[in-house]
Amino acid sequence: MIRKLGVLAMMLVLVLMVLGCGTSKTGQNDEIILGLTAPMSGDYAEYGNSFKNAAELAIDKVNKDGGINGKKLKIVVSDSKNDPKEAANIAQKYVSDPSIMAVIGDFTTTSSLAGAPIYQKGGLVQLSPTSSHPDFTKQGNYIFRNIATQAKEGPVVAEYTVSDLNKKRVAIIYIKNDWGIVAQENYQKAVEKLGGDVVAVESFLPEQGKDYNAIITKVKEQQPDIIFLGMMYTDAALMAQQMRKQSMNVPLIGTSSLFSEELIKLGGSAVEGLYLTCSFYPADPRLEVQDFVAKYQEKYGKSPTMFAAQAYDATGLIIEALKGGATDRSSLRDKLASMKNYPGVTGMTSFDENRDVDKGLLKLMVKDGKYTPYKL
Amino acid sequence: MLLQQIINGLAQGSIYSLIGIGFALIFGVLGLVHFAHGEVYMLGAFFGYILITAFHLDVFSALSIAIIGSALIGIMIEAVAFRPLRKAPDMAPMVCTLGLSIVLQNLAMLIWGSDTKSIPDVLESSSISLAGAQISGAQIIIFGVAIALMLALQFILYRSKMGRAIRATAQNKEAAALMGVNINQIISATFAIGSGLGGAAGVLVGIYYNAFFPMMGFMAGLKAFTATVLGGLTSVPGAMVGGLILGVVENLGAAYISSGYRDLIAFAILILVLLIKPSGIFGRGFQGKV
Amino acid sequence: MMLNKFNMSRKLIYGIILVAVLILPLVINNDYIIRIAVVAGGYIILSLGLNLVTGYTGQFCLGWAAFYGIGAYTSALLTLKLQWSFWLALPMGGIVAALFGVLLGIPTMRLRDIYLAITTLGFGEIIRLILMNWTDLTRGAMGLPGIPAPSLFGTSLDNKYFYYYFMVVLVIVGIGAMVRIIDSRLGRALVAIREDELAAKNMGIDTVQYKVIAFAIGAFYAGIAGSFYAHYTTFIDPHTFSFSESIVILAMVVLGGMGSISGSVVGAILLTLLPELLRDMAEYRMIVYGLIMMIVVLIRPQGIMGKKNDSRKKKSKATKQGDVTHGVAGG
Numbered sequence: 001m002i003r004k005l006g007v008l009a010m011m012l013v014l015v016l017m018v019l020g021c022g023t024s025k026t027g028q029n030d031e032i033i034l035g036l037t038a039p040m041s042g043d044y045a046e047y048g049n050s051f052k053n054a055a056e057l058a059i060d061k062v063n064k065d066g067g068i069n070g071k072k073l074k075i076v077v078s079d080s081k082n083d084p085k086e087a088a089n090i091a092q093k094y095v096s097d098p099s100i101m102a103v104i105g106d107f108t109t110t111s112s113l114a115g116a117p118i119y120q121k122g123g124l125v126q127l128s129p130t131s132s133h134p135d136f137t138k139q140g141n142y143i144f145r146n147i148a149t150q151a152k153e154g155p156v157v158a159e160y161t162v163s164d165l166n167k168k169r170v171a172i173i174y175i176k177n178d179w180g181i182v183a184q185e186n187y188q189k190a191v192e193k194l195g196g197d198v199v200a201v202e203s204f205l206p207e208q209g210k211d212y213n214a215i216i217t218k219v220k221e222q223q224p225d226i227i228f229l230g231m232m233y234t235d236a237a238l239m240a241q242q243m244r245k246q247s248m249n250v251p252l253i254g255t256s257s258l259f260s261e262e263l264i265k266l267g268g269s270a271v272e273g274l275y276l277t278c279s280f281y282p283a284d285p286r287l288e289v290q291d292f293v294a295k296y297q298e299k300y301g302k303s304p305t306m307f308a309a310q311a312y313d314a315t316g317l318i319i320e321a322l323k324g325g326a327t328d329r330s331s332l333r334d335k336l337a338s339m340k341n342y343p344g345v346t347g348m349t350s351f352d353e354n355r356d357v358d359k360g361l362l363k364l365m366v367k368d369g370k371y372t373p374y375k376l
Numbered sequence: 001m002l003l004q005q006i007i008n009g010l011a012q013g014s015i016y017s018l019i020g021i022g023f024a025l026i027f028g029v030l031g032l033v034h035f036a037h038g039e040v041y042m043l044g045a046f047f048g049y050i051l052i053t054a055f056h057l058d059v060f061s062a063l064s065i066a067i068i069g070s071a072l073i074g075i076m077i078e079a080v081a082f083r084p085l086r087k088a089p090d091m092a093p094m095v096c097t098l099g100l101s102i103v104l105q106n107l108a109m110l111i112w113g114s115d116t117k118s119i120p121d122v123l124e125s126s127s128i129s130l131a132g133a134q135i136s137g138a139q140i141i142i143f144g145v146a147i148a149l150m151l152a153l154q155f156i157l158y159r160s161k162m163g164r165a166i167r168a169t170a171q172n173k174e175a176a177a178l179m180g181v182n183i184n185q186i187i188s189a190t191f192a193i194g195s196g197l198g199g200a201a202g203v204l205v206g207i208y209y210n211a212f213f214p215m216m217g218f219m220a221g222l223k224a225f226t227a228t229v230l231g232g233l234t235s236v237p238g239a240m241v242g243g244l245i246l247g248v249v250e251n252l253g254a255a256y257i258s259s260g261y262r263d264l265i266a267f268a269i270l271i272l273v274l275l276i277k278p279s280g281i282f283g284r285g286f287q288g289k290v
Numbered sequence: 001m002m003l004n005k006f007n008m009s010r011k012l013i014y015g016i017i018l019v020a021v022l023i024l025p026l027v028i029n030n031d032y033i034i035r036i037a038v039v040a041g042g043y044i045i046l047s048l049g050l051n052l053v054t055g056y057t058g059q060f061c062l063g064w065a066a067f068y069g070i071g072a073y074t075s076a077l078l079t080l081k082l083q084w085s086f087w088l089a090l091p092m093g094g095i096v097a098a099l100f101g102v103l104l105g106i107p108t109m110r111l112r113d114i115y116l117a118i119t120t121l122g123f124g125e126i127i128r129l130i131l132m133n134w135t136d137l138t139r140g141a142m143g144l145p146g147i148p149a150p151s152l153f154g155t156s157l158d159n160k161y162f163y164y165y166f167m168v169v170l171v172i173v174g175i176g177a178m179v180r181i182i183d184s185r186l187g188r189a190l191v192a193i194r195e196d197e198l199a200a201k202n203m204g205i206d207t208v209q210y211k212v213i214a215f216a217i218g219a220f221y222a223g224i225a226g227s228f229y230a231h232y233t234t235f236i237d238p239h240t241f242s243f244s245e246s247i248v249i250l251a252m253v254v255l256g257g258m259g260s261i262s263g264s265v266v267g268a269i270l271l272t273l274l275p276e277l278l279r280d281m282a283e284y285r286m287i288v289y290g291l292i293m294m295i296v297v298l299i300r301p302q303g304i305m306g307k308k309n310d311s312r313k314k315k316s317k318a319t320k321q322g323d324v325t326h327g328v329a330g331g
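Residue numbers (the working numbering), protein chains in the order written: chain A, 1 to 376; chain B, 1 to 290; chain C, 1 to 331.
Hints in this document: simulated from the structure, not taken from any laboratory. Careful: at least some of the hints might be erroneous.
Where chain B lies over chain C, by a calculated footprint (3+ residues, C-beta under 8 Å) [stated by the list, open to error]:
| no. | stretch |
| --- | --- |
| 1 | 108-115 |
| 2 | 128-142 |
| 3 | 293-300 |
The beta-carbon is built from N, C-alpha and C at its ideal position, and this holds for glycine as well.
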């Protein structure tokens with residue numbers, strides 16, 4: 001008898017749970033809701049948090065000026081944990097919530113790809129600030145990104161390496177996730193096209209732990225003139241340090257994924273002289289950049305990374321579309337797709353017919369513990 | 001390059017050893033796997049980080065205090081996740097510590113943020129050259145401290161009354177109880193020692209790689225686990241040797257086969273050992289077979 | 001007479017549940033809830049398989065996500081690269097996973113308890129690492145996007161009703177088959193092995209054969225779940241099938257109650273719904289998840305639907321305790 005009651009009670013609990021799941025409608029009529037999907041916990045939590053910070057900053061700015069047509073903007077944050085399963089569930093949740101107008105995210109392409117078919121089918125814009133995998137925007141016309149793909153960045157870094165810095169013996173170390181693989185492929189192809197010689201290619205898996213000594217020793221054997229670091233800034237800083245500890249003082253070069261105050265903070269003297277390309281440069285004299293950097297620093301106590309800048313612009317782009325008269329999900333998509341010359345902190349942004357963007361890239365280097373533009 | 005890779009491996013391996021000893025100790029006495037041990041290591045590392053950056057202690061003081069802090073955490077974990085489940089099915093404490101590791105990882109993230117922290121150069125960046133290879137000052141210190149701690153452990157186990165009690169409890173709990181050993185106390189003590197060692201490993205790793213982040217316990221825990229198995233799940237010296245071997249093989253594998261497959265090599269070793277000689281290098285014979 | 005009454009009300013309860021499940025998508029017009037229900041269904045199948053191996057046969061397995069992944073990748077590659085039909089790829093995913101189950105089962109049959117657990121952990125990691133590194137076959141970290149949706153006689157079945165009801169069918173068949181298995185000679189032999197392997201052997205039960213069969217059947221379930229998942233989400237990558245995933249499935253089985261079919265169902269549903277309910281709590285979500293895992297285990301270690309009094313516990317402790325000092329003298 002007790003067992004039977006127990007079963008009934010359990011069923012009741014489960015039913016309540018199921019109903020509890022879907023019934024949270026996140027908005028009221030005088031609010032415009034945006035969704036954010038990003039890794040807020042786990043390995044990539046710091047990047048997800050920078051998305052959240054940046055998006056909230058952008059929204060605060062608009063709300064302070066009275067919102068859009070009198071309506072305040074609000075953002076709902078969901079933790080995708082860099083897990084495609086989660087990203088897919090979140091996508092469905094957002095699609096099923098009629099008050100959500102557009103979604104910013106995800107951080108990695110794998111999470112973004114998992115959600116893409118659902119966003120596309122549900123007619124909800126997904127604008128990723130950082131997914132650079134070539135297949136991403138092919139998923140449908142509701143899928144956008146505002147970062148230059150590695151297909152565009154790779155050749156620029158290669159030019160920097162071979163033409164500007166005149167380094168011919170190139171070694172590549174990259175992180176073996178979807179971003180890193182694409183970065184390595186594009187960079188290597190471009191270097192070889194310019195006549196450079198790729199003498200070593202090594203990779204590591206994200207969860208492998210932070211001991212890179214084996215790779216460093218291996219690369220050292222090949223005596224490269226320069227080493228390309230295809231990874232995020234944290235790993236790059238650690239790798240640079242471990243290299244110096246092994247008395248390897250070869251110059252380092254990388255993409256915008258390295259750009260961050262953390263790189264210099266963590267890397268210290270090891271990253272002095274490091275070269276990189278970037279679409280975002282805090283010392284850029286343009287008003288919107290200075291404003292963004294100052295406000296971000298003030299509110300969060302640190303300088304924004306490229307990822308934060310991208311997310312800030314992504315949010316800004318959607319806000320611009322809303323200001324331009326978008327009233328529902330479908331008109332928002334249309335307004336976004338036809339967006340041209342939006343003055344973002346990461347440069348002038350226009351979407352092409354594939355909902356990709358072309359960004360101007362700056363060549364920077366680390367000098368005296370600060371980022372400065374590279375001078376020929 | 002070979003020598004350099006071996007040196008890299010020994011340095012990395014001694015860290016696996018330190019964590020692994022904690023596992024071996026706990027497993028030897030309780031017969032259970034402690035899935036949150038990696039998180040104790042992580043917390044120890046953060047203790048060290050805070051002590052050095054906020055309180056400006058030198059490395060060795062920070063290390064000592066961190067060891068004590070980790071030991072205390074170990075005692076708490078035993079009281080919360082193991083003691084109440086003594087009569088429960090075996091999987092229960094394992095699932096409990098799994099849950100605990102999730103809680104600790106995320107708690108750390110909440111408190112300290114998920115980004116990687118570092119300390120401006122604490123350990124000397126000097127290095128000595130040996131037959132074409134470099135041994136950094138940091139590597140020597142790590143290896144040295146690890147050996148020192150392990151010797152200290154052996155001393156405790158063999159030359160102290162508590163050590164004798166621990167060994168007795170590991171052999172046969174009921175008999176030890178009958179002989180007047182306070183089982184609860186001994187188990188707590190075992191956890192304290194094992195966790196203290198884990199915490200020490202955390203501080204050393206944090207300083208060596210200059211990276212402190214909440215997820216650091218996860219992979220390290222798994223690898224240390226492998227090291228312990230390699231050496232014989234219940235054998236402390238086995239864990240030490242197992243850790244070193246694992247470190248060296250991993251680095252050699254990364255160097256000569258492929259760096260991407262490095263973890264795979266570690267796990268392949270794990271399985272091979274378990275299939276061929278499950279009791280590991282030093283373990284007792286009867287334990288793996290039906 | 002009392003027995004009859006009990007059975008009747010049991011049947012009534014199940015009947016009500018069945019009806020509720022069948023009319024869910026028609027009554028609740030929320031795609032998100034339907035999706036969660038489908039995902040929960042997949043985990044039910046995964047849990048049933050693991051429960052057979054761990055709960056009924058007593059073989060601790062910490063690498064369950066490997067079979068899940070093998071099923072998913074097999075099915076995905078067959079439809080993507082070889083243009084197989086979903087209807088053939090789905091069972092094939094299960095079969096290939098079962099083959100790997102045999103592959104894992106045979107060499108590990110001698111191992112017990114913690115040694116088996118670690119071996120399965122290693123196996124799980126090895127499969128994941130192979131999926132990550134064998135880029136020519138699996139595209140590694142880039143994953144496999146664009147997995148085609150199932151279709152029948154030319155019409156695409158890519159709509160929520162199909163997925164939902166197909167999952168319902170899979171779950172019902174899965175539960176039904178599992179009940180039959182447990183109730184058969186095979187099932188009884190498995191329980192005998194769990195309770196006392198040596199005695200079972202002496203009674204003439206070919207423990208090796210039965211353990212391998214258990215792994216094969218369990219892995220088949222996991223493979224089917226994986227195949228379905230691949231076509232449902234249309235994108236898979238190795239990250240999905242990690243050790244963390246194995247832990248989640250194990251937690252479902254343990255919390256639900258090992259050796260209990262209804263336990264696996266309850267555990268799967270509970271741990272699928274929990275993170276969704278806690279979604280609003282953002283950064284506290286995972287902490288609460290972990291705490292709930294701990295609390296349920298502490299309050300009711302045998303699991304929600306599990307039976308108390310596990311005779312396994314006392315016996316196995318004696319054989320597992322070891323000598324910490326062994327090896328110093330080299331002995």
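Going down the list of hints, with the structure as the test:
no.	hint	in the structure
1	108-115	holds (count 7)
2	128-142	holds (count 4)
3	293-300	holds (count 4)
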